[in-house]
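So the protein sequences, as listed, match chains G and B. Residues in the first sequence are numbered from 152 upward in steps of one, following my numbering. Residues in the second sequence are numbered from 2 upward in steps of one, following my numbering.
Any given hint could be a false lead.
[Claimed, not checked] Simulated coverage check for chain B against chain G, where a stretch passes if three residues somewhere in it have a Cβ under 8 Å from a Cβ of chain G:
id : segment
1  : 43-52
2  : 105-117
[Said to hold, decoys possible] Result set (SDA-like, lysine to any residue): computed pairs, CA atoms no more than 25 Å apart in a straight line:
id : chain 1 : residue 1 : chain 2 : residue 2
3  : G       : Lys-188   : B       : Ala-3
4  : G       : Lys-205   : B       : Pro-97
5  : G       : Lys-188   : B       : Gly-29
6  : G       : Lys-156   : B       : Ala-89
7  : G       : Lys-189   : B       : Leu-39
8  : G       : Lys-189   : B       : Met-6
9  : G       : Lys-189   : B       : Pro-97
10 : B       : Lys-45    : G       : Gln-154
11 : G       : Lys-189   : B       : Asn-8
Think of the hints as simulated: they come from the structure by calculation, not from any bench. What you are looking at is a predicted structure, and each value in this text was computed from that prediction instead of being measured. A virtual CB, placed ideally from N, CA and C, is assigned to each residue, including glycine.
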Amino acid sequence: DQQVKQNSPSLSVQEGRISILNCDYTNSMFDYFLWYKKYPAEGPTFLISISSIKDKNEDGRFTVFLNKSAKHLSLHIVPSQPGDSAVYFCAANPGTASKLTFGTGTRLQVTL
Amino acid sequence: NAGVMQNPRHLVRRRGQEARLRCSPMKGHSHVYWYRQLPEEGLKFMVYLQKENIIDESGMPKERFSAEFPKEGPSILRIQQVVRGDSAAYFCASSPSISGGNNEQFFGPGTRLTVL
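Chain G with its partners taken away, still in its complex shape:
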């Protein structure tokens, strides 16, 4: 039962353009959503998060949008840079619990 889904296993974007990574969830109890970035042979690094009471959160080049009615969130990276090439994981948890439920990841490649 995949409660957090990232349906695009990979994405290729040209440097300077916008990268949009998508994530869908099924569990209505999820209250907080996070994006992590992961390089090979390293642990996930926290990028940005959003609470269910908001629909947008912005931090520099990264913006996360949340559409609760559609149970959908997206991560926008603009402008994309070669160093952004990594696997991006969407994660979620209910407000009262601490375990994170992860999606399967989207591999982003930013080309020159």
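We have chain G; now place chain B onto it with these hints.
Using the frame of chain G, we list chain B on its own:
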């Protein structure tokens, strides 16, 4: 401020042996979580511990796996009688609190377990 530390980074075991994975949380963090990532998959929650207590082990296999977070020292994830299917990357994360804040968890670099 040191991050989450895990050792060893790589561990090779033969079938039937025991594997011990260690995790030292970030300074000031008292909550530790273990996740497992199988090849080409996302991270799956295994267990959540506070000092001397297991809070949630709903993701832990019922047999052969155990975890502890003693009053002193690192958290240990122990796998007895390893099988080839245990081969995976095991990540530890820590957080200062589950209430308030942004629920962010900080991850270590992982231990890559290979079972021959």
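Hinted pair G:Lys-189 and B:Pro-97, Cα distance within 25 Å: Given that 25 Å is the threshold and the Cα spacing comes to 22 Å, the pair holds.
Pair hint B:Lys-45 and G:Gln-154, alpha-carbon separation not exceeding 25 Å: Cα-Cα ~12 Å, so holds.
Cβ contact check, 8 Å cutoff: the segment 105-117 of chain B against chain G, three residues minimum: Holds, because 8 residues of the segment 105-117 of chain B bring their Cβ atoms closer than 8 Å to Cβ atoms of chain G.
Pairwise hint evaluation, B:Pro-97 against G:Lys-205, where the allowed Cα distance is 25 Å at most: holds, 23 Å
Restraint status (C-alpha distance of G:Lys-189 to B:Asn-8 at most 25 Å): Holds, at about 19 Å.
Holds or violated: G:Lys-188 to B:Gly-29, with C-alpha atoms at most 25 Å apart: holds, 24 Å
Restraint check for G:Lys-156 with B:Ala-89, where alpha carbons must lie at most 25 Å apart: It holds: about 21 Å lies between the C-alpha atoms, which stays within 25 Å.
Holds or violated: G:Lys-189 to B:Met-6, with C-alpha atoms at most 25 Å apart: holds, 16 Å
Hint consistency between G:Lys-189 and B:Leu-39 [alpha-carbon to alpha-carbon, up to 25 Å]: holds, 15 Å
Given coverage of the segment 43-52 of chain B by chain G, checked by CB-CB distance under 8 Å (3 or more): Coverage by chain G holds here, the residue count being 5 at a Cβ distance below 8 Å.
G:Lys-188 paired with B:Ala-3 [C-alpha distance capped at 25 Å]: holds, 19 Å
Of the numbered hints stated above, none is contradicted by the structure.
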